[in-house]
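Could you put the whole structure together from the sequences, leaning on the hints where they help?
Chains as they are written, first to last, in UniProt numbering: chain A, 1 to 599; chain B, 1 to 250; chain C, 1 to 285.
Treat the hints with caution; some may be incorrect.
Claimed, not checked - Simulated crosslink set (EDC-like; lysine to aspartate or glutamate; CA at most 16 angstroms straight-line):
1. B:K191 <-> B:E124
2. A:K590 <-> B:E236
3. A:K576 <-> A:D371
4. B:K22 <-> A:D498
5. A:K576 <-> A:E591
6. B:K227 <-> B:E203
To be verified - From chain B, some residues computed to sit far from chain C (all C-beta separations above 12 angstroms):
7. N30
8. G34
9. G36
10. S75
11. E131
12. R136
13. S174
14. L177
15. G192
16. R219
17. H233
18. E236
These aren't lab readings, by the way, just hints derived from the structure by calculation. Even for Gly, the Cβ is constructed at its ideal location relative to N, Cα and C.
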Amino acid sequence: MDAMTGTAPPRTRPKVAGPLSPLWPFLLLLAIGLAMPLTGNAYWGLIATRMAVYWVLVAGLNLIVGYAGQLAIGYVALLTIGAYTTSVLAAGNVFPPLPAFAALGAAGVAGAVAGVVVGLPALRLRTFYFAMTTLGFATIVTQITLAWQDVTGGGIGIAGPEMPEPLDTTWGFLYFCLGFAAVCTWLTANIARSRFGRALVAVRDAEVAAEASGIRKPRLLVLVFILAGALAAMAGGLFATLQTYITPDAFTFDLSLLFFIAILIGGRGSILGPLLGTVILTLLPEIAAPLAAWSTFLYAALLLVIVLAMPGGIAALIDPRSRRKLPENRVITPRTAALDALLGQRKVPEPMRLSGIVLAFGGVRAIDGLDLEVAPGQVHGLIGPNGSGKTTTLNVISGYYRPEAGSMAIGTNPLRAGDPEGRATLRIARTFQTPRLIGEASVLENVMIGGTIDGTAGFAEALFALPRHRRDERELEARARLALEAVGLADLAAARADRLQHSELRFMEIARALMLRPAFLMLDEPAAGLSAEEIRRLGALVRGISRHGTGVLLVEHHADLIFDICDQVTVLNLGKVLAAGTPAEIRVHKEVVSAYLGA
Amino acid sequence: MPISAPERSLLEVAGLEAGYGKIAVLHGVNLRIGAGEVVALLGPNGAGKTTLLRSMSGLLPVTAGSVTFDGQDLSRASPRDAARAGLVHVIEGHRVFTQISVADNLLLAGYDLPRRERSARIEEALSYFPEIAAKRHDRGGALSGGQQQMLAVAQGLVRRPRLLMLDEPSAGLSPVLVDRVLGVVSELRAKGTSVLLVEQLIEKTLAVSDRVYALAQGRIVLEAGAKEGDLPHRLEHAYFGQDVPTALHA
Amino acid sequence: MLASIIASGLAVGAVYALIGITYNTMFATSRVMSFTAGQLGMLGGVFGSMFMLRLGLPVLPALALTLICCALIGVVTEIVAVRPVLKSLEQHLYVLTTLALALLIQHTTAMEWSTEPQPFPRLVNFGSGIWDEKYWLPVVVCIATIIGLEYLYRRTLVGRAFVAIAEDNFAARALGLPERNLRMASYALAGAIGALAGFAGGQLLLAFFANGSLLNFYGFIPVALGGLGNNRGAVIGGFVLGLFQQAANFMVGGIFSSVAVFTLFIIVLLAAPQGMFGAQAARRV
Numbered sequence: 001m002d003a004m005t006g007t008a009p010p011r012t013r014p015k016v017a018g019p020l021s022p023l024w025p026f027l028l029l030l031a032i033g034l035a036m037p038l039t040g041n042a043y044w045g046l047i048a049t050r051m052a053v054y055w056v057l058v059a060g061l062n063l064i065v066g067y068a069g070q071l072a073i074g075y076v077a078l079l080t081i082g083a084y085t086t087s088v089l090a091a092g093n094v095f096p097p098l099p100a101f102a103a104l105g106a107a108g109v110a111g112a113v114a115g116v117v118v119g120l121p122a123l124r125l126r127t128f129y130f131a132m133t134t135l136g137f138a139t140i141v142t143q144i145t146l147a148w149q150d151v152t153g154g155g156i157g158i159a160g161p162e163m164p165e166p167l168d169t170t171w172g173f174l175y176f177c178l179g180f181a182a183v184c185t186w187l188t189a190n191i192a193r194s195r196f197g198r199a200l201v202a203v204r205d206a207e208v209a210a211e212a213s214g215i216r217k218p219r220l221l222v223l224v225f226i227l228a229g230a231l232a233a234m235a236g237g238l239f240a241t242l243q244t245y246i247t248p249d250a251f252t253f254d255l256s257l258l259f260f261i262a263i264l265i266g267g268r269g270s271i272l273g274p275l276l277g278t279v280i281l282t283l284l285p286e287i288a289a290p291l292a293a294w295s296t297f298l299y300a301a302l303l304l305v306i307v308l309a310m311p312g313g314i315a316a317l318i319d320p321r322s323r324r325k326l327p328e329n330r331v332i333t334p335r336t337a338a339l340d341a342l343l344g345q346r347k348v349p350e351p352m353r354l355s356g357i358v359l360a361f362g363g364v365r366a367i368d369g370l371d372l373e374v375a376p377g378q379v380h381g382l383i384g385p386n387g388s389g390k391t392t393t394l395n396v397i398s399g400y401y402r403p404e405a406g407s408m409a410i411g412t413n414p415l416r417a418g419d420p421e422g423r424a425t426l427r428i429a430r431t432f433q434t435p436r437l438i439g440e441a442s443v444l445e446n447v448m449i450g451g452t453i454d455g456t457a458g459f460a461e462a463l464f465a466l467p468r469h470r471r472d473e474r475e476l477e478a479r480a481r482l483a484l485e486a487v488g489l490a491d492l493a494a495a496r497a498d499r500l501q502h503s504e505l506r507f508m509e510i511a512r513a514l515m516l517r518p519a520f521l522m523l524d525e526p527a528a529g530l531s532a533e534e535i536r537r538l539g540a541l542v543r544g545i546s547r548h549g550t551g552v553l554l555v556e557h558h559a560d561l562i563f564d565i566c567d568q569v570t571v572l573n574l575g576k577v578l579a580a581g582t583p584a585e586i587r588v589h590k591e592v593v594s595a596y597l598g599a
Numbered sequence: 001m002p003i004s005a006p007e008r009s010l011l012e013v014a015g016l017e018a019g020y021g022k023i024a025v026l027h028g029v030n031l032r033i034g035a036g037e038v039v040a041l042l043g044p045n046g047a048g049k050t051t052l053l054r055s056m057s058g059l060l061p062v063t064a065g066s067v068t069f070d071g072q073d074l075s076r077a078s079p080r081d082a083a084r085a086g087l088v089h090v091i092e093g094h095r096v097f098t099q100i101s102v103a104d105n106l107l108l109a110g111y112d113l114p115r116r117e118r119s120a121r122i123e124e125a126l127s128y129f130p131e132i133a134a135k136r137h138d139r140g141g142a143l144s145g146g147q148q149q150m151l152a153v154a155q156g157l158v159r160r161p162r163l164l165m166l167d168e169p170s171a172g173l174s175p176v177l178v179d180r181v182l183g184v185v186s187e188l189r190a191k192g193t194s195v196l197l198v199e200q201l202i203e204k205t206l207a208v209s210d211r212v213y214a215l216a217q218g219r220i221v222l223e224a225g226a227k228e229g230d231l232p233h234r235l236e237h238a239y240f241g242q243d244v245p246t247a248l249h250a
Numbered sequence: 001m002l003a004s005i006i007a008s009g010l011a012v013g014a015v016y017a018l019i020g021i022t023y024n025t026m027f028a029t030s031r032v033m034s035f036t037a038g039q040l041g042m043l044g045g046v047f048g049s050m051f052m053l054r055l056g057l058p059v060l061p062a063l064a065l066t067l068i069c070c071a072l073i074g075v076v077t078e079i080v081a082v083r084p085v086l087k088s089l090e091q092h093l094y095v096l097t098t099l100a101l102a103l104l105i106q107h108t109t110a111m112e113w114s115t116e117p118q119p120f121p122r123l124v125n126f127g128s129g130i131w132d133e134k135y136w137l138p139v140v141v142c143i144a145t146i147i148g149l150e151y152l153y154r155r156t157l158v159g160r161a162f163v164a165i166a167e168d169n170f171a172a173r174a175l176g177l178p179e180r181n182l183r184m185a186s187y188a189l190a191g192a193i194g195a196l197a198g199f200a201g202g203q204l205l206l207a208f209f210a211n212g213s214l215l216n217f218y219g220f221i222p223v224a225l226g227g228l229g230n231n232r233g234a235v236i237g238g239f240v241l242g243l244f245q246q247a248a249n250f251m252v253g254g255i256f257s258s259v260a261v262f263t264l265f266i267i268v269l270l271a272a273p274q275g276m277f278g279a280q281a282a283r284r285v
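Below you can see the structure in the form of structure tokens.
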């Protein structure tokens, strides 16, 4: 796994745990499942099979709820669709009967389509709205199965598909489901560990940073909805076989709740956690029979307790990284030498030019005819009083705001207004006033987000961990380690990002931006909250980055830093350029001093 | 006119630390305001002036240090407690309520007052600003930016504060209106109300102030009498500092 | 037939509108959409039936007790499911906490009250056929509620404080308004409005635990149509939804009418995510 391409000096490199490591809990659960026949108790075999079937659904749903953070509550709808599709096709009451496996495959296709239909509102709607639509969808699907009697048998129901020999026995079917579940675990873990999985979490926790890294949320979510929908529907097919006979009553809202809560109990951004959650929630009513009637109550109470008291779920309890102590008195020591390996000496890009930019919010002109030129290889400071339009300017360049007038270009190529996700392809990177990070992910993974667009392998290749995907991962990791080396956080690569200090997060954001090997880098108040010594190191780092050909646009309040490292300074006041020139010129500029000091 | 800090301080801030989440903004601020004193708080952007005001009025939790107002510990107080004690904070950006009338905006400022006193207090606050008194039945949203700022100050006055903290009352106002608002500060001073004024306009601010504090990077870097000579130069020195890191240019 | 579509459409529409107002009332002071809105409506029917039929109380004391009980549940919602997650509003944890609380309420009702719909008595003995009180009580209550709320928001100090908190929570706190108490009060008010919806619609919907999730969904649609926090929009949206649903009921039958409503809901939401009277949300960089 250690195919370093750079020239960084060898040093101890903390290993970053993947979603399947450690592997032994998964193997232990599998072994327990495989050993079930030894008990000779067919009922327990049934329970184990049910767990495996539920997990097939939850594994896929986990990517949506646990990773992408979309509150898809009514996923029993997909189970229903899969169960009925398989049963109806195998029974042959619409088309000639299909073999069970073909029916299962068809259910997967139907589930993929339905998964996208259920998921589409998530691309446009806010959280609560989306939760509501999935709930509505679950109700509708149940009502259709009731009403469409010719096909589904209505309230009377329909027989589930029968598996061919030797899978038609309790134990044969158990082994089949366990195998299926194991494969699903592997597939979803592959996605979770890939750039797609990281992008999902980025969309959840740091949407703006995800956009700046070139992650296109709709495309990404649709791919995951297809996968989760297919898995859920196939789980439905297995569920129908397990039940031997299905009626709409079998698909209660309780099941939806079980799937959803299993993930939250398990913890977001984990695979082992939700797996354990599924096992526990399936077992719970079995262990305590009197509780069966109160299972919904129990699930709901668990949900409340988890959210209020243990937001990290089981995963946080078993995650060694949340306990391991980080060294005290850490010092950030950027190594500009690593920049050589990371950025190289690139063809100097052309300057970025903004001319006549105008942007108003509700009648107030935040930017009022701004001209700005950021030259490659230089540090350009942007200063001015609060509300003078500095961050707004960055947001216009980043494409978050569309200016009402004016033009932007890099060299002779016009820079399209809007389109924040397109900036990464143009090698325009940025950091934010408040660091945007994924707290639960490691520092290394946070940084790797920045290189998302440089992956070459597609979703399917990542799903099956094909060679091109593995090469992508190696290269991204090597580059991320170089970037961390450059900003001075190499030793913290494996630490959870939410355990870092504020100043370290600022440098981590710069490392993430460097993953793009940016032609232009925009820094929004990178020195805010840093100590004087850290500011000095930051200055040297920014200087170093610009000397590798990158044009840096620096918004900052610390006048000392600006005057120290900038080649050019533009002073804004009320959205207009008040002055522009070298730091030496600006320092003595009468109007600037008065605007800045407010005399 | 007191040049040094007065004997009896109304407000005493000691070792105050506060911030947003992981970001520490204030690193041990000490500050005193005497009864009837107008104190200006100056400093460059991002120095922590607004944060300081917010942590004093209870809008932002205090991480360490203490805020004592007239002998009463306000370090853990809510904005409501602070206002009841007589420490009133007019926040930046003339954020009045646009959906309700001018009179109702003032009525809300007097939410805690006895019902009988409210209308008298409102009239009293409006007497400082005849230009909005004429518009008392208009919605807050119908006022101009300058009038909204006057309304925000008037809201603070309804409480008859002993210390009024004004956060950039002149931002976005025309020079005439700035003089109007700062004129009210002088009127208040004449009536014995203390004022803590955060401002960008140094000269005009110094003209109405007794003393000055300058804040930079979360620390008080200068304390002086407002009429001391050479203040602008000393301020510049305090902000940009000569003790900054040495040049990094290769 | 048209007359009965209109009568029943307006009646259920009024109930939906009231649940929509319940959502809005909670949202205004907390920026939280709570899944308990529909459950409060369900409880209005259940408590009403319990106090009048099981305990034999007259209408007015039963109504008062129902309002008090639901107001208390509103306050509990605020304390248990809303206040603890307000600090991290952007994580949308309230979706989970209020869902959990809603399920607890619903399941407790199912276990302790009944899993079958229970009858709800006539209240004023007025009319029959399409002029039956069961159709017109909800409409009257809905109109009375909206007038009452307008009075509250425009004429009383507490009401103006609600408006102020809804517009700018931070400025309201800075002004020294007792923001937490006002939020609790607005949840109590929401509880009472939900109770009114269930009580007035009791003869139509009966006292049935499953009404909770139903009202949650159908009460949310007027909010989505009218725009978050817009009570007048919710009333218009509620009546439109009620009439549409009842018309679809008569024309394509009960089950497919819910499919039709759901489809309409999705289409409207995707076409106008802010609702038809709502405002654009601000950018978050």
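- Item | Least C-beta distance from B:E236 to chain C larger than 12 angstroms | holds (32 angstroms)
- Is it correct that the beta-carbon of B:G36 has no partner in chain C closer than or equal to 12 angstroms? holds (23 angstroms)
- Could you check that no beta carbon of chain C comes within 12 angstroms of the beta carbon of B:S174? holds (23 angstroms)
- Message: If I take the minimum Cβ distance from B:R136 to any residue of chain C, is it greater than 12 angstroms?
- Response: B:R136 is indeed farther than 12 angstroms from all Cβ atoms of chain C, at 14 angstroms.
- Message: Would the non-interface assignment of B:G192 survive a Cβ cutoff of 12 angstroms against chain C?
- Response: With a cut-off of 12 angstroms, B:G192 remains clear of chain C, as the shortest Cβ separation is near 22 angstroms.
- Message: Please verify that the nearest CB of chain C lies beyond 12 angstroms from B:R219's CB.
- Response: holds (25 angstroms)
- Query: Hey, does B:H233 actually stay past 12 angstroms from chain C on C-beta?
  - Reply: Answer for B:H233: holds, closest chain C Cβ roughly 35 angstroms.
- Task: Measure nothing beyond the straight line between the CA atoms of A:K576 and A:D371; if it is 16 angstroms or shorter, mark the hint as holding.
- Result: holds (9 angstroms)
- Item | Hint consistency between B:K227 and B:E203 [alpha-carbon to alpha-carbon, up to 16 angstroms] | OK: B:K227 and B:E203 at ~10 angstroms, within 16 angstroms.
- If you draw a straight line from the CA of B:K22 to the CA of A:D498, is it 16 angstroms or shorter? holds (10 angstroms)
- Query: Is the Cβ of B:L177 more than 12 angstroms away from each Cβ in chain C?
  - Reply: With a cut-off of 12 angstroms, B:L177 remains clear of chain C, as the shortest Cβ separation is near 20 angstroms.
- Message: Minimum C-beta separation from B:N30 to chain C exceeding 12 angstroms: can you confirm that?
- Response: holds (24 angstroms)
The structure fails none of the hints (numbered hints given earlier).
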